[in-house]
Amino acid sequence: MKISDFIILVDTKAKMALKAEASRLYLSFLWWILEPIFFVLAFYFVFNILLKNGHEDYLLFLMCAKIPYMWFSKAVTSASGSIVANRGIISQIDISKAIFPYASIQISLYKEIPVFMLLFVMCIGYGYIPSIEWVWLIPLFFVQYLFIVASGMIAALLVCYADDVRMFINMMMLFLMFVSGIFFDITSIQQPLQDHLLTYNPLAFLCDSFRKILMHKGMYEINHLIGLIIFFSLLIGMLHFLYKLLSRNIASKVVNA
Amino acid sequence: MSQSSVILKAENISLTYKSRTGFSSSFTHHALKGISFEITMGETIGILGKNGGGKSSLLRILAGIINPTGGQVICPPNTTRALLTLGLGFMPNISGRENAIYSAMLQGASRKKAKAIIPAIEEFAELGEFFDQPVDTYSSGMKARLGFATAMMAEVDILFIDEVLSVGDAHFRQKAEAAMLNKLKGDQTCVFVSHNSDQVNKVCSRAIWIESGVIKEQGNTATVAHHYNLFMQS
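Chains A and B, in that order, are what the protein sequence lines are.
No gaps in the numbering here: position 192 of the first sequence is 192 in our numbering, and each next residue is one more.
One gets our numbering by counting positions in the second sequence from 1 and adding 257 to each.
None of these hints come from the bench; they were simulated from the model.
Fair warning: this is a prediction, and the values are worked out from it, not measured in the lab.
Just so you know, even glycine gets a beta-carbon here, dropped at the ideal spot from N, CA and C.
Mixed in with the good hints, there may be bad ones.
In silico SDA-like links for lysine to any residue, alpha-carbon gap of 20 Å or less [to be verified]:
| hint | chain 1 | residue 1 | chain 2 | residue 2 |
| --- | --- | --- | --- | --- |
| 1 | A | K253 | B | S282 |
| 2 | A | K2 | B | K372 |
| 3 | A | K212 | A | G127 |
| 4 | A | K253 | B | G279 |
Stretch by stretch, here's where chain A covers chain B in the computed footprint (C-beta under 8 Å, at least three residues) [to be verified]:
| hint | region |
| --- | --- |
| 5 | 312 to 323 |
| 6 | 333 to 340 |
| 7 | 346 to 353 |
| 8 | 359 to 371 |
Cβ pair distances, simulated, as ranges [as the list claims (entries may be wrong)]:
| hint | chain 1 | residue 1 | chain 2 | residue 2 | range |
| --- | --- | --- | --- | --- | --- |
| 9 | A | T199 | B | K275 | 34 to 44 Å |
| 10 | B | T326 | A | L51 | 57 to 67 Å |
| 11 | A | A22 | B | T336 | 34 to 44 Å |
| 12 | B | H287 | A | N170 | 51 to 61 Å |
| 13 | A | I3 | B | G385 | 33 to 43 Å |
| 14 | B | I331 | A | M172 | 41 to 51 Å |
| 15 | A | A22 | B | E434 | 37 to 47 Å |
| 16 | B | S281 | A | D195 | 54 to 64 Å |
Full structure from sequences and hints, please.
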C-alpha cells in the first residue's frame, strides 16, 4: 500500500468513526466542546471552591499539563484495543495492521482540537496573551503526536498477544499522571531526580514545556526536543517494520482469540 | 513455480489452533492436516465440506490473511488476492454510500477509484434512496445486497469466495449468481467455498472435498459433489 493511500484510508476511517459517534448522540458534535468545558468546570469546582487553593492561577497551571496528559492517555488507551476491535476486517483481508492504531490516534487528535482551543481561551482569560513564543507549541505538538504513535503502536501490538496488557496500560497511565508534574511543578522536585524525570519521562518534559510557553513566555530545552524527535522517529520506523513482519501472525492471534 | 500456468500452489498446509482454557491448561485443535493442491490460471475450483470443517481457515491461508502453522502457499510475485466477503468493515451509523467507499478502499482502491465505482454499486445493490441512509436502518437482505455489490467490484488475480450466494431474496440471489458467473467466465481465477454442492456444481470446473482437515477427494466437480452428497445423507 502506498503511503498516500495509507494516510487517506486512516483519515477516512477516523472521520467516519467520528461521524458515527456523533450521530449516536442527541447533541452530536456539540459534545466535543461540552466535554472539555464540563471537565474544566469540575476541576474549577474542586480546586477553587472546595479546596480554596490560594494560588489564583492554579486551575490554568493544572490544565496546561492535564490537557496534554489526557490527550496522551486517551489516545494510547483507545489505540491499544484498536487491532482487536477490528477483528472482523482482519479476518477477511490482508491489510496493514498499523492502520487501526493510527485511525484511533487520529480520532483522538481531532477530538483534542477543541480541547486545546479551550485551553488557549483560558490562557487569554487569565491574562496570558498569545505571543510569538506560542509558535514553539508546534514542534511540541509534533513530538507529542510521535510519542502517542509510538506508544499506541506498541500497546496495540501487545494487546493482540495478551489482553492483560490493557490492565497494565491503565496502571501505567495512573503512574504517569503522578510522575509527570501535572498537579505540581516538576521544578519543585529535588535534583537529580528532577533531571531524571525530565530526561526519561517524555510526558513530564512535554507538560513542563507547555506550561513554560503558555504561562511564562519561556522556552524548553530544544536539544532534548530534537533528541525526542529522532528517538521516536526511529522507534516508529522500527515498529512499522515489526508490524509488517508480524502482520499474518497478528491476524492469526486476533482471528483465533 | 514448476508450471507457468500454476497461479497458486498449496504445499502440505496444516493449521493448529491452541487456545488457553485456564492458567496453565490449553486446548489444541488441528483444523487442517497436510493439504496440497494447485490452481491454474483462469480456473474456478470449489471447496466442499461441512460447516466447521476448516474451509474458512483454508481460504484465509490461501488468501494470505494468516500463515499456516505448517507447509506453505506459493504464488508468483505480485499476485493479488482477495477474499470476497459481505459487509467488509461496515459501520452501522454511516450511510450505505460512505460504507461502500470505505469498503472499496479497504480492498485496495484509492479514494478516487472508490468514488468512481459507487454508481455501479448503487445500481447493482438496488437500494434506492436507502443508499444514502445509515446502514443500521437496513434489513438484513439490504445489507447483504450492499455487501455483495461492493465486494464484486474487487479486481484481483485470485478471488476467494466464501458462502456468499446464500444471501438476500430469491430475485437478488439470482442476480448475484448471474453476476458472479459472468465474472468467472472471463480470465478470473477463483476459489469458491460452500457447503452446498449444487452451487459448487454450477460454477466450478474442479472440486476439492475437505473432511476433518484432510482432502477426502478431489477432481471432477460432478463426481466429487455426488460422493459428498451421499456422505452427507448417510
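Hint by hint, here is what the structure shows:
1. Between K253 (chain A) and S282 (chain B) the alpha-carbon distance is near 18 Å, which keeps this suggested pair within the 20 Å criterion.
2. Restraint check for K2 (chain A) and K372 (chain B): the C-alpha separation of about 18 Å stays at or below 20 Å, so the hint holds.
3. This hinted pair checks out: K212 (chain A) and G127 (chain A) have alpha carbons roughly 15 Å apart, not beyond 20 Å.
4. With a C-alpha separation of about 17 Å, the suggested pairing of K253 (chain A) with G279 (chain B) holds against the 20 Å cut-off.
5. Here's how the region 312 to 323 of chain B fares: 5 of its residues keep a CB closer than 8 Å to some CB of chain A, so the rule of at least three is met and the hint holds.
6. Note: the region 333 to 340 of chain B has 3 residues with beta-carbon separation from chain A under 8 Å; the three-residue rule is met and the coverage holds.
7. Check on the region 346 to 353 of chain B: 5 of its residues sit with their Cβ under 8 Å from a Cβ of chain A, so the three-residue criterion for coverage holds.
8. Coverage of the region 359 to 371 of chain B by chain A holds [criterion: at least 3 residues with CB-CB distance below 8 Å; count 7].
9. Checked against the given bound of 34 to 44 Å, the beta carbons of T199 (chain A) and K275 (chain B), roughly 42 Å apart, stay inside it.
10. In this structure the hint that T326 (chain B) and L51 (chain A) lie 57 to 67 Å apart at CB holds, the actual value being about 59 Å.
11. Taking the beta carbon of each, A22 (chain A) and T336 (chain B) are about 41 Å apart, inside 34 to 44 Å as hinted.
12. Hint check: H287 (chain B) to N170 (chain A), Cβ distance near 37 Å, so the stated range 51 to 61 Å is violated.
13. For the pair I3 (chain A) and G385 (chain B), the supplied restraint of 33 to 43 Å holds, since their beta-carbon distance comes to about 38 Å.
14. Distance hint check: the CB atoms of I331 (chain B) and M172 (chain A) are about 43 Å apart, consistent with the given range 41 to 51 Å.
15. At about 39 Å, the CB distance of A22 (chain A) to E434 (chain B) agrees with the hint of 37 to 47 Å.
16. Distance hint check for S281 (chain B) and D195 (chain A): the Cβ-Cβ separation is about 45 Å, which falls outside the suggested range of 54 to 64 Å.
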